[in-house]
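J.: Given chain A, work out where chain B should sit, using these hints.
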Amino acid sequence: MDHVTAILVSVLLAAAPLLFAALGELVTEKSGVLNLGVEGMMLVGAVCGFAVTAHSGHAALGILAAALAGMALSALFALLTLVLLANQVATGLALTLFGVGLSALVGKPFVGTPLEKLPDLPLPLLSHLPLLGPLLFDRDPLIYLAALLTLAVGWLLARTRAGLVVRAVGENPEAAHALGYPVRLIRFACILFGGAMAGLGGAYLSLAYTPMWAEDMTAGRGWIALALVVFSTWRPGRLVLGALLFGAFTIAQLHAQALGLAVPPEFLAMLPYLATILVLVLISRDAARIRLNAPAAIGKTFHPDH
Amino acid sequence: MKFVKWALAAAMTMSLGLPTAHADAPFKAAWIYVGPVSDHGYSFQHDQGRKAVEAALGAKVKTTFVESVPEGADAERVLTQLARDGNKLIFSTSFGFMNATLKVARAFPDVKFEHATGYKRAANVSTFSARFYEGRAVLGTIAGKMTKTGVVGYIASIPIPEVVRGIDAFTIALRKVRPDAKVKVIYVNSWYDPGKEAAAAKALIDQGADVLAQHTDSAAPVQTAEERGVWCFGQSSDMTRYAPHRLLTGIIENWDQYDVAEVKAAMNGSWKSHDTWGGLASGMVKLSPYNPAMPRDVVAAAEKTRQDIIAGKLNPFAGPITDQSGKLVVPAGKSLSDAQLLGLRFYVQGVEGNLPK
Numbered sequence: 000m001d002h003v004t005a006i007l008v009s010v011l012l013a014a015a016p017l018l019f020a021a022l023g024e025l026v027t028e029k030s031g032v033l034n035l036g037v038e039g040m041m042l043v044g045a046v047c048g049f050a051v052t053a054h055s056g057h058a059a060l061g062i063l064a065a066a067l068a069g070m071a072l073s074a075l076f077a078l079l080t081l082v083l084l085a086n087q088v089a090t091g092l093a094l095t096l097f098g099v100g101l102s103a104l105v106g107k108p109f110v111g112t113p114l115e116k117l118p119d120l121p122l123p124l125l126s127h128l129p130l131l132g133p134l135l136f137d138r139d140p141l142i143y144l145a146a147l148l149t150l151a152v153g154w155l156l157a158r159t160r161a162g163l164v165v166r167a168v169g170e171n172p173e174a175a176h177a178l179g180y181p182v183r184l185i186r187f188a189c190i191l192f193g194g195a196m197a198g199l200g201g202a203y204l205s206l207a208y209t210p211m212w213a214e215d216m217t218a219g220r221g222w223i224a225l226a227l228v229v230f231s232t233w234r235p236g237r238l239v240l241g242a243l244l245f246g247a248f249t250i251a252q253l254h255a256q257a258l259g260l261a262v263p264p265e266f267l268a269m270l271p272y273l274a275t276i277l278v279l280v281l282i283s284r285d286a287a288r289i290r291l292n293a294p295a296a297i298g299k300t301f302h303p304d305h
Numbered sequence: 000m001k002f003v004k005w006a007l008a009a010a011m012t013m014s015l016g017l018p019t020a021h022a023d024a025p026f027k028a029a030w031i032y033v034g035p036v037s038d039h040g041y042s043f044q045h046d047q048g049r050k051a052v053e054a055a056l057g058a059k060v061k062t063t064f065v066e067s068v069p070e071g072a073d074a075e076r077v078l079t080q081l082a083r084d085g086n087k088l089i090f091s092t093s094f095g096f097m098n099a100t101l102k103v104a105r106a107f108p109d110v111k112f113e114h115a116t117g118y119k120r121a122a123n124v125s126t127f128s129a130r131f132y133e134g135r136a137v138l139g140t141i142a143g144k145m146t147k148t149g150v151v152g153y154i155a156s157i158p159i160p161e162v163v164r165g166i167d168a169f170t171i172a173l174r175k176v177r178p179d180a181k182v183k184v185i186y187v188n189s190w191y192d193p194g195k196e197a198a199a200a201k202a203l204i205d206q207g208a209d210v211l212a213q214h215t216d217s218a219a220p221v222q223t224a225e226e227r228g229v230w231c232f233g234q235s236s237d238m239t240r241y242a243p244h245r246l247l248t249g250i251i252e253n254w255d256q257y258d259v260a261e262v263k264a265a266m267n268g269s270w271k272s273h274d275t276w277g278g279l280a281s282g283m284v285k286l287s288p289y290n291p292a293m294p295r296d297v298v299a300a301a302e303k304t305r306q307d308i309i310a311g312k313l314n315p316f317a318g319p320i321t322d323q324s325g326k327l328v329v330p331a332g333k334s335l336s337d338a339q340l341l342g343l344r345f346y347v348q349g350v351e352g353n354l355p356k
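Chain order of the listed sequences is A and B.
Going by numbering that gives the first Met the number 0, the first residue of the first sequence is number 0, and it counts up by one from there.
Going by numbering that gives the first Met the number 0, the first residue of the second sequence is number 0, and it counts up by one from there.
Next comes chain A alone, as it looks inside the complex:
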């Protein structure tokens, strides 16, 4: 693997956890629900994925556990916001606080436990392609899963009836309800999907990126994922671009330092955020289009009897 490919691979891997979490949140938000608990769900996913893998020795079980753990936490959020009509912003923040504490508690016995990295799975034929082969098709299974899920979500949301219904629920829940769609059930499903994806993002960190458990190991990636959703104007394609951009600038600033460029590291550390905002502002400067994409009913609680 040559140097350029190695750097591109680093970018791809840095983007993967963000993509997982952001994609899940995108679907949740498309259904009109704002879940600020992404960071907490990622951490719980990370610790459960790690714990189950360490105990069972099967990474597949760990990945499944991470998705289920994220889902369980998001189910709590769904119960509070959909059934008990709690404020979504406050509940989401509480969910993050809860997730941080819960993951630290569950993870206590696993601090300092080493784990085998999730192995790479070269795809037959494809991995021998020049350039793209070693970059895209010689990766770990979670990278393939991220790619597949992005395509699936993009297609489902834009091209299928189910996607249309989700969007309708996020745009105008009253109208969707009047048409006979089970608004709360649909939102529940979308919240669960968001939780599962955040859990997978966490598992990517604790099983593949840095195979270990450490308290607070997401280090704010859940919040970046949330920001990416807004900046991508709720479009999966742009989400991929945003995540890659963020990854690229994170890696680029590290390389710039190692090359000895005379730029303050504080500025370089800021650069990924700055660049991501700038580029996404540029590609989404058409305000009308943003309004068209933003779910109109986001953050508002809905009750069929009100």
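The set of hints was computed from the structure by calculation and includes no laboratory data.
Predicted model, so just to flag it, every value in this text is computed and none were measured.
From the three backbone atoms N, C-alpha and C, an ideal C-beta is built for every residue, glycine too.
So the derived list for chain A, only partly shown, Cβ under 10 Å to chain B, looks like this: (1) Gly111; (2) Tyr208; (3) Pro210; (4) Thr217; (5) Gly219; (6) Thr249; (7) Ile250; (8) His254; (9) Pro263; (10) Pro264; (11) Leu267.
T.: Chain B in isolation, oriented as in the chain A frame:
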């Protein structure tokens, strides 16, 4: 959540604290940590010191600790609470607790405080820190022997004198063995971000580094080194299990003897405010076991550096020292003073890149 955890801990110490102390009641000492004791690093090592006190003095002492205390106003509240609970000696173990410690010390003149890594003292406040740079000089010696490419990567946290001192001591020792060697430094702007530390390690390896040193707290860099097949050094605690084949050795902090001595002094009334800056000789800085894969001549060179520092024959900052531009900063026969070391703000020759101002 950290806040909840320390609030609970504070509440617990509050409920335990009985102000009526008897003559035969155990001596109460407390520790506060900036991180969780499970971090297997900085806070973990300080808690080892607390455990050493318990082991050495048994029922004669009663120790309390509060972990994950945010620096600033929260620290002040926790310290006040611990002082009110009748603790007579309080170890305040993070640099950022400095002003809070001084303030609370003024309010409780009969309580003694031990502040780690700070520089402000009072009649009832001592300071203590370790000369980690002595350990880093040993690591630099090893790196000089082990590197083939002559490029060594250094993952740093933030550009403060403590970190710069480590980089310089490491580089000086490195270039004594391998005069053409270069050190590439990446600051990750955090003491703890496994993802970013791993990415920094990869970037350094991609730019030709075949030995990695770190001044951050997670095991992510050594894990990356193991995966990519380059040599590495650990930090804070023994990280061998994360890189069994590639971890050469690492710096371990050890506060056990110091903490026990200070608690004993406070108990028998001989405690005085003072400043301690201990290194390899005092046992405050230790090295984790050498990797068996290290060739014998490398072990011999490392041990010679270590023994010479302990015996006082080698000062890691003895001249001649030249800065990056090649200017002679410390002539032969002279060395940097402790005051200069505490405020060290320049890179020596061999470090690439500019020191952020």
